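Combine the two chains into a complex, taking the hints into account.
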Amino acid sequence: MKIDRFPALGFAAMLAISACTGTASPSPAATSPSPAAASSATSPSPAASPSATPLAADPAEAVIKNIEPNAQITFWTYYLSPTFDSYIKETIARFEATYPGVNVTWQDHQGTFQQDLNAAFAAKKAPDVINLSVGEGWVSDYASKGLLLALDDKVPQDVQSIYFPGLWKEQLVGGKNFQFPWYQSIATELVNKRIYEQGAGLSVATFPKTFDELPTVCKTILDKTSTLCDIRLSVNDLLAQMTYEEGVKILSADGKKFAFDSPEAVNWLNRYVGMVKQGTVDKDILIANEDRTGLLLFSAGQAAFWQTAPNLVREVKKNNATLYGDLAVVPAPVGKSGVDGKGSMGISVKADTTFPNASIALAQFFTNPRSMVAFAKIVSIYPSSPKAYDDPFFSSTPAAVEDSARPLAKDIVSKYQDIVPTLPIGATKADVNNIVLKAVQSALFNNVDPQKALTDAVAQANALIK
Amino acid sequence: MTARFSATPYLFLAPALALIGIFVIYPILAVVYFSFTEWDIVRPPVWVGIQNYQQLVADPTFWKALTNSIVYLLVTPTIIALSVGLAIIVNRKLRGVSIFRALYFVPAVSGSIAIGIAWRWLFDRNGFINSVLISIGALKTPIQWLSEPSLVLPIAMLLTIWAGIGYYSVIFVAGLQNIPEELYDAAQIDGCNSLQKHWHVSLPGLRPQIVFVSVISSLAALKVFDEIYVLTNRTGGILDSGVTVVFYLWKEAFVLEHAGYAAAIAMVLLVLTLAFSIVNVRFLERGQERV
Numbered sequence: 050m051k052i053d054r055f056p057a058l059g060f061a062a063m064l065a066i067s068a069c070t071g072t073a074s075p076s077p078a079a080t081s082p083s084p085a086a087a088s089s090a091t092s093p094s095p096a097a098s099p100s101a102t103p104l105a106a107d108p109a110e111a112v113i114k115n116i117e118p119n120a121q122i123t124f125w126t127y128y129l130s131p132t133f134d135s136y137i138k139e140t141i142a143r144f145e146a147t148y149p150g151v152n153v154t155w156q157d158h159q160g161t162f163q164q165d166l167n168a169a170f171a172a173k174k175a176p177d178v179i180n181l182s183v184g185e186g187w188v189s190d191y192a193s194k195g196l197l198l199a200l201d202d203k204v205p206q207d208v209q210s211i212y213f214p215g216l217w218k219e220q221l222v223g224g225k226n227f228q229f230p231w232y233q234s235i236a237t238e239l240v241n242k243r244i245y246e247q248g249a250g251l252s253v254a255t256f257p258k259t260f261d262e263l264p265t266v267c268k269t270i271l272d273k274t275s276t277l278c279d280i281r282l283s284v285n286d287l288l289a290q291m292t293y294e295e296g297v298k299i300l301s302a303d304g305k306k307f308a309f310d311s312p313e314a315v316n317w318l319n320r321y322v323g324m325v326k327q328g329t330v331d332k333d334i335l336i337a338n339e340d341r342t343g344l345l346l347f348s349a350g351q352a353a354f355w356q357t358a359p360n361l362v363r364e365v366k367k368n369n370a371t372l373y374g375d376l377a378v379v380p381a382p383v384g385k386s387g388v389d390g391k392g393s394m395g396i397s398v399k400a401d402t403t404f405p406n407a408s409i410a411l412a413q414f415f416t417n418p419r420s421m422v423a424f425a426k427i428v429s430i431y432p433s434s435p436k437a438y439d440d441p442f443f444s445s446t447p448a449a450v451e452d453s454a455r456p457l458a459k460d461i462v463s464k465y466q467d468i469v470p471t472l473p474i475g476a477t478k479a480d481v482n483n484i485v486l487k488a489v490q491s492a493l494f495n496n497v498d499p500q501k502a503l504t505d506a507v508a509q510a511n512a513l514i515k
Numbered sequence: 396m397t398a399r400f401s402a403t404p405y406l407f408l409a410p411a412l413a414l415i416g417i418f419v420i421y422p423i424l425a426v427v428y429f430s431f432t433e434w435d436i437v438r439p440p441v442w443v444g445i446q447n448y449q450q451l452v453a454d455p456t457f458w459k460a461l462t463n464s465i466v467y468l469l470v471t472p473t474i475i476a477l478s479v480g481l482a483i484i485v486n487r488k489l490r491g492v493s494i495f496r497a498l499y500f501v502p503a504v505s506g507s508i509a510i511g512i513a514w515r516w517l518f519d520r521n522g523f524i525n526s527v528l529i530s531i532g533a534l535k536t537p538i539q540w541l542s543e544p545s546l547v548l549p550i551a552m553l554l555t556i557w558a559g560i561g562y563y564s565v566i567f568v569a570g571l572q573n574i575p576e577e578l579y580d581a582a583q584i585d586g587c588n589s590l591q592k593h594w595h596v597s598l599p600g601l602r603p604q605i606v607f608v609s610v611i612s613s614l615a616a617l618k619v620f621d622e623i624y625v626l627t628n629r630t631g632g633i634l635d636s637g638v639t640v641v642f643y644l645w646k647e648a649f650v651l652e653h654a655g656y657a658a659a660i661a662m663v664l665l666v667l668t669l670a671f672s673i674v675n676v677r678f679l680e681r682g683q684e685r686v
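Here the protein sequences come in this chain order: A and B. For the first sequence, our numbering gives the first residue as 50, with consecutive numbering after it. For the second sequence, our numbering gives the first residue as 396, with consecutive numbering after it.
Bound conformation, chain B alone (with noise of 0.2 Å):
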């Protein structure tokens, strides 16, 4: 017996299907095509073979970049543990708790670039945080804290720990919610404190959750970009002390013209990130098998 050929499904993929060729395959297509060019956009790329990633090899701030990317990443331990404690606190009838919760999302709903500003204003020579530890005498004069390179990336860090505590927490204490309330009844008779519940239950009960969280929060601190942009004021810091890999890819293809550079620079991004996405889903397949 011979299978009947239908188009119908086709015709039913399709308009998606066209959607996914020009607007995902085709620009990655053309990303491949162009890291082999040298590009300024406004005039045709000429080919240059493996030039650009030679030169992205022997680049020192994009050897910088991704340093700063992969520390970026201590960004995810640290929102997670910072989410789950939170998650916990508001999961319990407390009077209030409500309007707690919805303060806490609030940096989740406002705009990246918003909050940077917000965060730059913060950190200004005359800003709050300045205005504070003067007036409580911990400082003399007021330091300028986006000028100290030192200093750059782990302020970014800390708006992106602030601005997704909110949001995580929300998928953790769906978590929670899920728990079935005899397993901490049966933790409680078998003598566990309230300290006890959680690390014996509700960390285990909410496995999936975590890494999950795991797997999204480190591939966009992976891609982190609208903090260093707004925070620094577009330069990426002092002495590049606070460009990432996609900032830094930026700035090449936009600011300095070198499309065809920044587009080796994305090819790297995209090995990475796809790598990085890889190893994460089987980590979370297997999370899944065991739960």
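Isolated chain A (complex conformation) (with noise of 0.2 Å):
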């Protein structure tokens, strides 16, 4: 504690500078590997190698038409700098040689990105181009505040239809798309065999299918280990866990109400409930913050298996390499609902540009396949077009471990939905997941019957509905 004569005066001041003007406060880091864990905000790994040569400018990449002369716009990414700056950097310098006269500004914005993002629209100041996370939900977020450009209407069909069609329509709001789908992640278990083979005697061949299993393996685990199940709520989007993992239908068929108290939300929670009962899987992680919570634990060898996105391999590679090399990569368990996950990144366009054209050109340029490939051949991320896994990098043998699951990106990509549906007027995301929470961790926790827990949260969020 600091000692401070007026903290409250103090206080005060800090809120409403803090709100005025915009000062990053300290948040959380959106960066869960949320629903079936492909849709990330997880940023590619800080260990990826620099980009090799830069690709010469192509006329053929110039698609957006009408490009406003001169004009200037901002691209605001997250968490990208500094490892790949030289590849921002020359794609930018690609896309203003194939649209002479536009001039962009970039900037990379980390652990403040929606802070700083908060504070730019109030300030009237946001950038043109935004990286939003698919994943978290963010373009919804802005989208339904009316913050960002509905593109069907904007872009030709021929453009969008370059896209996997799930992934253009991803986040959409009141039937409209506001994202051009960026990379793509696959949601991956990395094993450590040492605990899950050597110790637990389990066979990484037969690393479970399904959530169901996962309370077998994870008491096993404990049984012969002594070590604790890393397994993370989606604390920032449980409403899209639930959907995916359990096929949970969140609305009711008027998608008027909430329902997410039905048997099948139940059984999910109970799920859960009873690996905390068991004492099986480490409560701090269950409902950490971040993403990165549970991988330093794995990272340290402290855990049999973490659920993430294959490019975060490098970080374990890079804080343990004893262990990358006691490492297996398998496809993390598919939920009920069939669908292996959501996007990850999207670049939106706010929807006050000045230079709408030239805006959407940027977004399109980075999202191409060219630029796509150029991304994925540094780190292990994968494009949202079908036509950039026709170069014969992705039909290549893989090396290394975290490039493993690259032969079978375009088939898991390609069937990526999002399939949680928009939540009626006046509840927002956050607030209806906040809500949500506390449910979940009183039936953890605090011994609440689940299906009370349940009811009780969804006349909550129903009260919301404006």
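It cannot be assumed that every hint is accurate.
Claimed, not checked - Pairwise CB distance ranges, derived in the manner of DEER restraints: (1) Y448(B) / I514(A): 55 to 65 Å; (2) A142(A) / Q449(B): 26 to 36 Å; (3) G160(A) / Q449(B): 50 to 60 Å; (4) G160(A) / V427(B): 27 to 37 Å; (5) P447(A) / L553(B): 43 to 53 Å; (6) G416(B) / Q159(A): 27 to 37 Å; (7) F523(B) / S275(A): 16 to 26 Å.
Calculated directly from the structure, the hints in this document are not laboratory data. Predicted, not measured: the structure shown is a model, and the values here were computed from it. Yeah, the Cβ is synthetic: ideal placement off N, Cα and C, and Gly gets one too.
Structural data, given as structure tokens:
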């Protein structure tokens, strides 16, 4: 504690100044691999290698017409600097050569990305082009506030069609799309073979394919190795998690009321309640705010497996080279929804940009197959368009364990869908998630009956609807 | 005779007044206004009258946060007792005492976030505390300390006490060095033993410092944030077990984007701390009059 003669005045000033001027405040970083883990706001690994030879400008990439002359646009990315500075700068240089007259100013924002962006919108200084997480629901959050540009009418049909249809139709608000699908990730389980196979006597080849199998596996690991399972709830988007994992219908059939207290939802919650009661799961990790909390524990060799994106394997390698030698990467369990996951990152354009066409062109340029393949070659991320996968790189045999999912990537990414419905007006995702999180915690740690916890939460969530 | 107006003093005061106006008065007035609005920071605020205050009264999390903040005030008497004790120990002319003084002052010059992270490691599943308890046979399996709702607040309070003792002890050491040696001699002639000398001489002599420390440490306890933020990894603890008023304010403003509601919480905190300050300052003044 520090000494402050007028703490209340100081704090009040802090609140107001922070809010008025956009001073970045500490805030939870959105790095969780959300439902089915593929839909993550996890940025590519910082350990990736720098970009290879820059690509030459190609006029065929100029697919957006009527660019405003001398457009000056700003572009914000999330957690990409400094590791990918070369790639981003080279792509911007190629863009400026492809669309002469357009000038791009790039900034990368990290832990305070959302606070910075909120402050920028409040100050009417938001960037024209913004890298937003699809997995964390940022696109629909901003779009529902009228801050993003709807793209369906602005982007030619032949350009829209280069993306996987499921990815183009994600985060719709009012039936409209507000993002160009950018780099994608795949839900994988990193397995520490020393604990999982040598310690617990399990086989990586038979790693659980469904979430229902996890409690038994965790009990075996605890009994044989005294190690707790590191499983993390998507605490920032529990509605999505129960939707993907258990096929829970979040809303009533008419879409006007919440209905996540169905038997499926109770089953979903009971699975985790059971693991907590059995003492097989690390409680800190279960409700950790950040994906990296569990990743660090796994990297330290203290967990049998950890669900994350393959690009983060490089962090394990950097932090614990010994463990890297004992690492296996297997597909993450698939939920009862049958859908592998949803998109990871998108690029959006702000609604009131002075240069809509130039901004759309930049967003499209970064997400076009050529740019995406170049990006995928320097880090284990996956393109959002089928054509990108025609590059021989994606059919080559991967040498590193973190690249082992590459040959399967096209098939997996092509099936991604956003199956979480748009919430009724008045009920923001953050508010409803906060209600659900309290319900889940009361069932997990306070012996409240899961059915009662969820039914109470539904009543509270319904009260938010206007 | 009429007094002549002189602009000079006002010109000297102007820079300071301007800074206070911009960075203190305006923000307070802005928070008062925002507390009557629904505001998500991104879009313009919408006037809702006293709705935020009505919601506050009916909000169980707010009352829990307020209760936790009041419980946190227990830090103050504990920290005073321990700091005075430590000050008495290090005020003696012992070999190596200067090294000891430097060591216990280390937390005072360390960042609260760094201290919080270190404590999180201490109480981690595989941390130092569990390792020691298991190695001496006190535990069979590690305890997840910070996942136990009943332990979050006490651990945070312990951290605050540990981090604050060094700083407050310095104040008490300075106070002890101002007490005339003759008073101890007189007490000894009167038959006091060592403990009685401190009870009858040191403690009354330290009264101004004790009142001062109680004021500043209790105000600091009311606005505790860093410890909770770091120890609970920004969650406030399972079932809001460690949520204090300031943490709740932060969460509402910057996580849930209810800046208007957060402003109403800030107003309540402002009133509370002002009232608390006034009572404390009156107490301090009365104490100074007696000394």
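Consistency of the hints with the structure:
A beta carbon spacing of about 23 Å between Y448(B) and I514(A) contradicts the range 55 to 65 Å that was offered as a hint. For the pair A142(A) and Q449(B), the supplied restraint of 26 to 36 Å is violated, since their beta-carbon distance comes to about 56 Å. Against the hinted window of 50 to 60 Å, the Cβ-Cβ separation of G160(A) and Q449(B) comes to about 35 Å, which falls outside the hint. Taking 27 to 37 Å as the suggested C-beta distance range, the pair G160(A) and V427(B) conforms, at roughly 31 Å.
Checked against the given bound of 43 to 53 Å, the beta carbons of P447(A) and L553(B), roughly 50 Å apart, stay inside it. Restraint check, G416(B) to Q159(A): a C-beta distance of roughly 34 Å satisfies the suggested window 27 to 37 Å. One distance hint, 16 to 26 Å for the beta-carbon pair F523(B) and S275(A), holds here, with the actual separation near 19 Å.
Hints 1, 2 and 3 from the earlier list are contradicted by this structure; the remaining hints agree with it.
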